[in-house]
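Each chain, letter by letter, is given below.
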Amino acid sequence: MRRTLHHGGHGGKEVRSARTYSAGLILCVLCVLRGGELTVSGAVSDFLGKPVASVRFVLEGRDVTDPTFAQIVETAVDRPLSMVQVRESIAHLFSLGRFEDVSVDASLDNGRVALQYILAPIHPVTRIRFGRRTHAPGFDDGALRRVITDRYGSAPPVGRTIDMVRMLTDALGERGYLHASVTPRIQIDHAPERATLSFDIDPGARTTIGEVEIVGRATVSRSEFLQRLGLTAGAPYQREQLATRIERYVEERRRRGYYEAKVAPSVRLADGDRVANVTVTVDPGPLVRVVFAGDSLPADRRDELVPVAREGSVDEDLLEDSSNRIEEYLRALGYRDAKAPHTRGTSNGELAITFTVARGPQYRVSRLELSGHAAVSTSELAPALRTRVGEPFSDSRLDADVATIEDAYRRRGFAAVRAPSAAEPQRTANASAQVPVIVRIVVNEGARSIVDGVALEGNRALDDAALRTRIGLAAGAPFVPGQLTIDRDAIQAAYNDRGFENASVTARTSFSQSNTRVAVTYAIQEGPQIFVDHVLIVGNVRTSTETIERELQVAPGDPFGLHALNESQRRLSALGLFRRVRLAELRHGEDTKRDLLVTVEEAPATTVGGGLGAEGRVRVVSEGANGGVAAQRFDVAPRMFFEYGRRNLFGKNRSINVFGSVSLHPQNRDAFATGPRLTEYRVLGTYREPRLLNTAADGLLTATLEQQFRSSFSFRRRGASAQAARRLTRELSITGAYQIQRAELIDVNVSTNQPEIGSLIERLFSREPLRLSSFSTSLIRDTRDDTVSPTSGDYVSASGQLAALAIGSQVGYMKSFFTAQKFHVLGGGNGIVLAGSARLGMAAEFDTANPIPEPERFFAGGDTTVRGFALDTLGVRHNPTDAQSDTIDKNGFPIGGNATVILNGELRVPLSGGLSVVSFFDTGNVFQRVSQLNVTDLRNAVGFGVRYKSPFGPLRVDLGFKTHVEAIPCKADNPTVACFETRPALHISFGQAF
Amino acid sequence: MRIEDCGLRIYCRRSIGALVLLACFSSTSIAETIDRVLAVVAGQIITLSDVTAARALGLQAPGNTADPVRAVLSKLIDRELVLAEVERYAPPEPPAGAVEREIDAVRARFPSTETFDDALARSGLDDTHLRERVRQDLRIRIYEDQRFAAADPGRRQTLIDEWVAGLRRRAEIIDLYLTTR
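Protein chains in written order, with our numbering: chain R, 46 to 1039; chain B, 32 to 212.
It should be emphasised that the hints constitute simulated quantities derived from the structure, not laboratory data.
None of these values were measured; they are calculated from a predicted model.
Among these hints, one or two may not hold up.
Unchecked claim - Sample of chain B residues facing chain R (criterion: CB under 7 Å; computed from the structure):
no. : residue
1   : Ala62
2   : Ser80
3   : Gly155
Glycine included, C-beta positions come from ideal geometry on N, C-alpha and C.
With the sequences and hints as input, model every part of the structure.
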């Protein structure tokens, strides 16, 4: 501060000097008040330790109140001001990700401190503008905007303005404007907070191409060469474009076999950088030919072994590698002395790269001698060895076998095992073609080391007992060197899970003199334990903070554990409420405490879907009028569906969904002529309540209204159910439910005019509406990697249902169903999946005069059960009909049963482009009673199918064949006229069969 | 300075009165910035109190510069970048006594315990913070010793500077100090 004081003088001068004095004094005071340099220590001392009078939050000049701020700010009214708390508060506010700057102002108010948190909100750039001369030749606004948006997206951060200026300048330079000037301006708008980023551009003079000189010989005429490189005198000089054209030219030459072609430009700027004089040095290189001489190599392996064409290069390293590759390839085939040197030779302007292949004799294993192995038997070792008698000998295979043997020994505690090997070629008369080799492997077992004890050093936070559960090595057990690393990692993971992020573990071993005993010590350096200070949750607009907190496995004060963080991330993602979930740790002040920042990006709350499709399957229809025999028809039914979902109701992850579908089926033969009729519909409404009544179970209310078309009948059903489901572990879950429904048969194909089973049919197919009230439960273990198209894992479920008069049901029965499925990828790396499924259903009514109604009975046959049969057509039948055991009536219509068995095996072979083929074997049947379950009555089918992963879901076409066809009546009124079942059954559907 | 004219005297008295009023007013209403964000390095903030702490405790020397805040801030930005690398490679913990020795060295820069505690309080640090800061500095040193072990001692600092410059180029640094000047 410079003070100007005038002495002496009169009148106005004095007034001016006094005014100057006053103004200077005021400014001086203001400067003292505001501070000349950005420093706090002096100012802080005035406030430190004084009680806080008030805490305000000021956003762009106006006071704001936000409960979140009050929660995360440490400075509290009436408490002494602490700079530690001020610093923490700044860190927390900044962590919210809403502010680009946070500062704290303090003032004294009657000896107390009034604090203001000045918050500068982030202003996302919503507009990018270009001013002045932006339409100079070679670029426009769009091109310049793309330079920015390609790198930073449509809303670039204001903080990157300097980088954007550099990128624009570079982009203009590439277009010939070597001295462009780019000046940024930022215009901030409020409510809503946003910014407009403007760039004033002065491109300056554009550099043009002056003289062009070509040094060397281009393979085309000068004019064509210059045209292909875009070099014309007076044209704009564009570095990047020139480089691209040169690269393209060279690529083209290499594709023609001129692998050594080179083009190098050099530029001299002149006339104040307005003119670029370009010199292009061209080396066309010779035409390169790769020649194989000597012994032959398979034609289909040559390009792979000598990838000159693929790499477009005859670099010496590449050729050296190619020689080595050929030799390795031949040695793996037993040509132990194989050589494939290469030479370069030029003639007639061509460069010939010649690989002279000399295979030499083929070595074959005539004897394999394994000795010295006492602790591990030959039968244990031999299957793992790749060196086999009679097969070509390879040194690399022998080395691999030695490693296998040593590994087998080390796993048993022989840490010092060595298995030196020797290959002894035998002299024979025909030594030039075949050489027998005796392979000897001598195992020097060494001493078997037993772990004397395992000690832990340096562990204070975790006791020995906690760590020993994670350690594989134990006293008295064989010492396995590889286990040391596994144990070390396990100990480190245990510490990481407790917030010791820098914990390090060193494993030490101490062998006895005879090497038979070894003491193992894990030395641990724990480092500091990190704790969670605050949990900051940002980005949730509709989702309540409690819903997110409920899934978090860490809370303030907990260790910053790695496993807990990973589990939190998994659980939040599994909610299905968010597009993105990010957990980040924020350091501040005290490095043993960190804030956990949970950033979520919410998914849309409403989902609406719909679609059209068709389903094709073989169904049973009545051949004639009422009472006609069953006939199979391939039925293509157009379908449409609609679904509406609203998730995250009230921010509590509750959801509601409505699903409706309609299928139009031709109902019988006559109907084919009259067109489709509305035969099937389904409306399903569900409400999901997670954490039902603050328990770990999820609640589900379901209401159903449906009309379904089956082979022997159609039915209409209205029902509602309440279900509670709880996941016991990641793989195991249990459900309990109550259902009430009203079912009514509306169309029956089965004739009651069947003396043998007429009364049963009358009871089963009663048109009287029935009320069914039941409780059910199920236990499910699911380890499949994918629920739609699994490739590995198991699915096992057991469910039971009880319907009783006492709970309002008009029919009493018990029903259970068991499913076991396994999926396994076969070895070989081609992704072939072997899938197996077993299903067993059993049911019994409490009163045989009041049987289980048709919609609740078991049926089989069709695209998801036994695929050689049409829908529901699997069953037991006799001629004449046996009322005690048949589940198919005399006309061929299924009547369902109280027991079923279905077994499936399927081989799924992936092809390409989402296409795969399957072959399958299905067997199963439906029995009238559980006591009649008999594997000899199972009916088999084999077949194949095609799967295609379409954008709409996995499409499935299966063609199944019965392995045995049975005679069936052709005419209802004359059972003596017999026909045979149709052998194939075609199914077109979505998803896997199981 | 001579003040002769009566009117002038009145004028001056009023001016001084206004100043006194302004001073009184300022004691209650003119707020002073006691801390703020100066830079953000890969998501981690560096505050004005961080700079104050580094200067007051002698953890970073500003050198002979017209803008010591700028100089220390630059060093703290580099420190944060290096620390991120250190965390990635997790070098061994510093020996137990090393942290104590460094803290003793910091204490020794102050004439008394009171002045040391006062400096800590003004900087927004406590003993735990200081210990952690010193520990991190030692870890940085261990890391650099490991990474540049083979370097010629004469070229070591140059190599470190080049490495840090590379980190700066790759990192996302928001320098808010620029906007305050």
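Against the structure, the hints:
A cut of 7 Å between beta carbons decides the hint on Ala62/B: the least distance to chain R is about 4 Å, and the hint holds. Proximity of Ser80/B to chain R holds as hinted, the smallest CB-CB distance being about 5 Å (cut-off 7 Å). Interface restraint check for Gly155/B: the shortest CB-CB distance to chain R comes to about 3 Å, inside 7 Å, so the restraint holds.
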